[in-house]
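Sequences listed follow chains A and B, in order.
For what it's worth, this note's numbering labels the leading residue of the first sequence as 1, then goes sequentially.
For what it's worth, this note's numbering labels the leading residue of the second sequence as 1, then goes sequentially.
Treat the hints loosely; a few may be bogus.
Claimed, not checked - So the derived list for chain A, only partly shown, Cβ under 7 Å to chain B, looks like this:
1. 94
2. 173
3. 221
4. 228
5. 230
6. 233
7. 241
Calculated from the structure, these hints are not laboratory results.
Heads up, the beta-carbon is just placed ideally off N, CA and C, and yes, glycines get one too.
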Amino acid sequence: MKIVVFISQIVNPQVKLQGVDYFDSSRVNEDDLIINPYGKNAIEGALKLKEILGADVTAVCSKGLKPNKALREAIAMGCDNAIEVADETFYTEDPLILAKIYTNILEKIEEFDLVLLGVEEQSTSSYATAAMLAEKLNLPSVLYAEEIEIQGDKLRVGHVLEGGRKIVEMPMKGIISCSDSQFFIPRYTTMKGILNAKRAEIPIWNAADIGVSASVVGEEAASLKQISLSNIVIEKESFIIKEGEPEEQVDKLLAKLKEDGVKLGV
Amino acid sequence: MKMKALIFLQIREDLVEENTLGILNKLIETNPSIEIHGALLRDQIKSEWVEEAGKHGVKKIHTVKASELEVYLSIPYVKSMLEIIKDIEPNLVIAAGTVYGEDLIPRLAVQHGVSCAERITDITFDSGEIIFHSPVRDDQVMKATKIVGPIKFATTRTGAFFVNENPSGSSPEVTEVSVTFDEDDMVVKHIEIKKAERTVNLKDAKVIVAGGRGVGGKENFQIIKEIAKLLDGEIGATRACTDVHWIEETYEIGQTGQSVSPDLYIGAGISGAPQHMSGIKAKTLIAINTDEGAPIFNYADYGIVGDMHLILPILKKKLEG
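Same shape as in the complex, but just chain B:
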């Protein structure tokens, strides 16, 4: 049986969101015969998004265009997706595990009386059965699950799948779906989006020295800055640090911050939560943490179990030679 998938096409900063493109690549690679439909919900639909999704393998795009969909809000987005699902009867409904995707998918699943697979890093197809693979327990254990029901729902972990750099798909067919909204659908009101200032681009940095909650305070970022300077690198931080303004938000690395791929990444006082680690693809990763069980050591090539407040000043002294 030919499988039909519906993917929620998220738009981030006026582009089709990266993880969403990654899912397309993964689906086609794993199941070349899969028929991929995309859902595009917005106040305006740009042809660039449609073309981009087509290039990456979406065959049919279902659009809902309404002023109520200008920004993501659960109720109008769920309502729109339900219409599309009703129309096309997919076997799989999938979205990138962004803040929006993780809100949308569980709600759609509930409307179909089933559960969902969360933050998958792999999907396999076994004689018509879809198997979802999600890492749990700080990435020490892989959990394989399946969903009983005609439609399966899943979110992926951000950073799990690579985007195809040479996509060769063609222009997709576009169907407009009409959905009307009433006052009750808009009970949660959008006030504003405060975009984090991105004054420093960490994407091309070769060396990054980053701090996490273990840094403990604004003044302690000084030593991180000094070491970064000595190594001719940039500084980075987890959201825990930018949230409390120990360091400017531009330095946030991870799912909700910048994605980086340095040659060398030194992480100090960072536990290694997936939300942070999913933004890092480093050739060499060095971790410094007091907790031997911290998940960052699973990702590290080199590490010191120790207090960064003692280790970093010594490291600095030695680097100054």
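Excised from the complex, chain A in its bound form:
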């Protein structure tokens, strides 16, 4: 079985960038990028299946500058191979463009069964790529997976549902987007993994290598046009106690609540 995991990079939320600055690539250093946390959940899902089925896991990253570091981390976690797919023409803000890029990558990889992705990009809340990819490849899919079990030659997948959980069965060849449920909590890298990651040769593919050009994956080709990005001004005044010993903080909070006439309890 061959599993492909698509990961992406986001700016580390710990980096002190406010509002729209977060999306200004000139303010972001390479070191500020981390693997999208849900992408790590997808890696974990692939590695769990690898343990059971002996699958071969390939991590692919084509979002964010120089994804080499992210891919080495994926190998350190236990992925067998990695491919960096980078091109300055890629406009990855449109989930459909990203789905086009992924489609072409999979066509070049040729042999694959399961494709795993994170449920969404943490920074933009964009979730649509997984479903778009499934529709483009005409493959079955399950989104918001919370657990994957193997049932003979099928996968039994539990996924998030409003008011509960739904269980479905799907063929091994398909697309699954992985949530941050217990099942997908990412493992730590191991010493052996880190050594493998150091030694790994990670091929780099560009747009031409996967048979696309700016006219299909560039900003001009996007049907989703960004008009503006603006900071959301929070009008509500909030009283946040950032400093002090815990006891001091609690006292301050209770005093302020009293002053404001906020009753604790009914």
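With chain A's structure known, arrange chain B on it following the hints.
Just chain B now, with coordinates in the frame of chain A:
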């Protein structure tokens, strides 16, 4: 030009889903002349759903009735929606951003060769152009987008729009659309739905003390329970906690759990992801979190940047006075 919208009418627990009704209210408020069509796909179509949708402003309902549509599955639902879209040629196809809506809309968009707007919290109409507004980066930034193409596709963020409490629409016209399915359409098989037990109703709770991933373990929910008891309130949790069984699933608050509107909400060890926050409308919100950058502080009226494991025992002691 008169705009035509098609809304995916979702049914949840035998009712037209709340966010779907909220979208209707929003569309009519923003664009009173808009002609709203609804798509109702199911193994059985209940007249109550049709009437409810009509009351909230749907003028025409297109139904597809088939045993294959008993529960949502991507392929048969996409196939049915494509038929309806072909029939009515809408300008906008929209669905609430539930798990099903977020699967359906991107697929329909791909079939029309365009992208979609995701988790919008506002929609505006500017000289025939539809502008979608989606908050990103933990609700710090608003992104405005438009879609180039004859049909625009969008999902809304759950909890974004209010339901009209006094809807005055009339009975809609109903058209049956016939769609046939083959074996290939049913390649993903429904096994079962495990409904979360809802033994505690949090909807009317005045005080809620809730914990998130930062609680760290089942035993640590004890302090949350104790404080809730002292305040004569209920406890709540994020899905991360109910998923790992730190606390019973009945206490899950958010998009996939219960919606609450207490006077006071205390959130401890909760980062404040939109999926959780969209279920909360609190008069006063107090947040306790070690991470100063946690988005919950954007929603909080009061907050302490600190470790809930240290703060809560002290708070309890002081409350006991």
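Status of each hint after checking the structure:
1. Interface hint status for residue 94/A: upheld, as the beta-carbon distance to the closest one in chain B is roughly 5 Å, under 7 Å.
2. A least Cβ separation of about 10 Å between residue 173/A and chain B goes past the 7 Å threshold, and the interface hint is therefore violated.
3. About 10 Å separates the beta-carbon of residue 221/A from the nearest beta-carbon of chain B, more than 7 Å, and the hint is not met.
4. The beta carbon of residue 228/A comes within 5 Å of a beta carbon in chain B, closer than 7 Å, and the hint placing it at the interface holds.
5. Look at residue 230/A: its Cβ gets to within about 5 Å of chain B, closer than 7 Å, so that hint holds up.
6. Using the Cβ-Cβ criterion of 7 Å, the hint placing residue 233/A at the interface with chain B is not satisfied: the shortest such distance is roughly 10 Å.
7. Restraint check, residue 241/A versus chain B: the minimum CB separation of about 5 Å is within 7 Å; hint holds.
The structure is inconsistent with the numbered hints 2, 3, 6, although it conforms to all the rest.
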